[in-house]
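Q: If you read the sequences in order, they're chains A and B. Take the first sequence: its position 117, counted from the start at 1, is 117 in this note's numbering, and no numbers get skipped. Position in the second sequence counted from 1, then plus 1000, gives you this note's numbering.
Think of the hints as simulated: they come from the structure by calculation, not from any bench. Cβ atoms here follow ideal geometry from the backbone N, Cα and C, with glycine treated the same way.
Computed footprint of chain A on chain B, listed as stretches where at least three residues anywhere in the stretch have a Cβ under 8 Å from a Cβ of chain A:
{"#": "1", "region": "1030-1044"}
{"#": "2", "region": "1063-1073"}
{"#": "3", "region": "1087-1093"}
{"#": "4", "region": "1098-1105"}
{"#": "5", "region": "1185-1198"}
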Amino acid sequence: MKHVFSTSIRAAFFGLFGALLLAVAAPAPASAQVNPTTQAVKEEQLLRQLQQVDGRISIPDAKASVLMQPAGRQWREFHNTTMFWTGAVSVLGMLGLLVIFYMVRGRIMIDAGPSGRTITRFNSFERFIHWMTAGTFMVLALTGLNVAFGKYLLLPLIGPEAFTTVSQLGKYAHNYLAFPFMIGVVFMFLVWVKDNIPTSIDAAWIAAGGGLFSKGVHPPAKKFNAGQKLIFWTVIIGGVALSISGVVLLFPFYQTTIENMQLAQIVHGLVGAVIVAIMIAHIYIGSVGMEGAFDAMGSGEVDVNWAKEHHSLWVQEEMAKSGSGSKPAAVAAE
Amino acid sequence: MARMKFLCDADRCIECNACVTACKNEHEVPWGINRRRVVTINDGKPGERSISMACMHCTDAPCAAVCPVDCFLTTADGVVLHSKDLCIGCGYCFYACPFGAPQYPKVGNFGSRGKMDKCTYCAGGPEADNSPEEYAKYGANRLAEGKLPICAEMCSTKALLAGDGEMIATIYKERVLKRGYGSGAWGWKVAYKETIAV
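Construct the complete structure from the given sequences, taking the supplied hints into account.
A: Below you can see the structure in the form of structure tokens.
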């Protein structure tokens, strides 16, 4: 009986104490209520704090949970202004430079004249890899330029329906020919990297301006001179950048966000424009710009005098390797 | 001519998604495409807000500016429409759109996204009004029948407003003044370069 009494006293005491404690700790009931309207998210405030406004969405499309991305305006600005002018200036600028170069320097001739004897410069596999990459690049470049400039240049000429057909086919060509191009870049790297490591000979070649600007000047070079090495590394580094950004663009929103996609497009566009400009120079010097240069990638057999002038050290190496190295031209003299 | 706009009063939206469903039904929108969606911000926290979002039919629309085949057009009512005959499905409009409005019917491997689809403000496309061709490509053309977009018309709390910009801005302003708060006209500053000052 006594025992029961004391427990009930103790319970009452602790109950009272507990209630007192609660009353002290908890704020007054009136102010405890949350007023949702005062704490509501405000658009203005969110846009000021964040690059974009994200939320939760009940549909499976994860990228739809981005309510607003005002950064789209910056991408638009890039696409319509920065990209437009970078592309226009680099392509037209390079064409202009080449026209001036041609008018000043003319076609670079073989100083000693063709010897009639040839030496093998590129074997059929090297030429196959080159033309696979070059051929696909031409299509990729033209269809890429069409996306950037077609609506200003081609659309007014052929009308909207025909332009859509061209652009649609161009898009598919661009997307699928990207794969042989990427394979080509990989093989070019494997086949030619050993001849493209920069050496001290390159410094001398650059110091002499490659002999580009003065007749009869031919700084020594091995299989590739410094200018060709520059082309090589531009294609490899640029090609890898184009490949990575291009694959991201080919598989939109696979583990990527809207910012990733915009960035991939920016990289793809800018690198593409620069490479197109550099390739125009490469095409020029490999065809109309220099006598005897095209044979290297055409038949693979270059004139010995051309080789001696432009790749003197390489000719010496080849001669040493095979005794004479050179062989008579395929077509016998009369 | 009216300048048609959307306005979502987030303080009224109850995230019922009826606008999404009505839109899908009205236009027979295929699976996977959401011309309209409801996004909830600060979900589960005090002051959470839901916003129904679709194409805002921007002034100086970014999609039209970046489109490489120039397939967009703006009607006299300020509605941004596009031609599915001209679209090549490049995806550029999605990169430029501040509201994630453009949708693509295909998953997107190797660039095969199909023709872009988006909210038409229930105004169809460039084809003849309410022709079978227009319906097949873009869905119903309610505007040509003198009706407003279905999403706003059937909104049970009248959170989503559609109509002439000035008129819906006035309605929103009156609401904010009367109830004493408002989380803003979502998207207006980005889409129309103006906000509703209360």
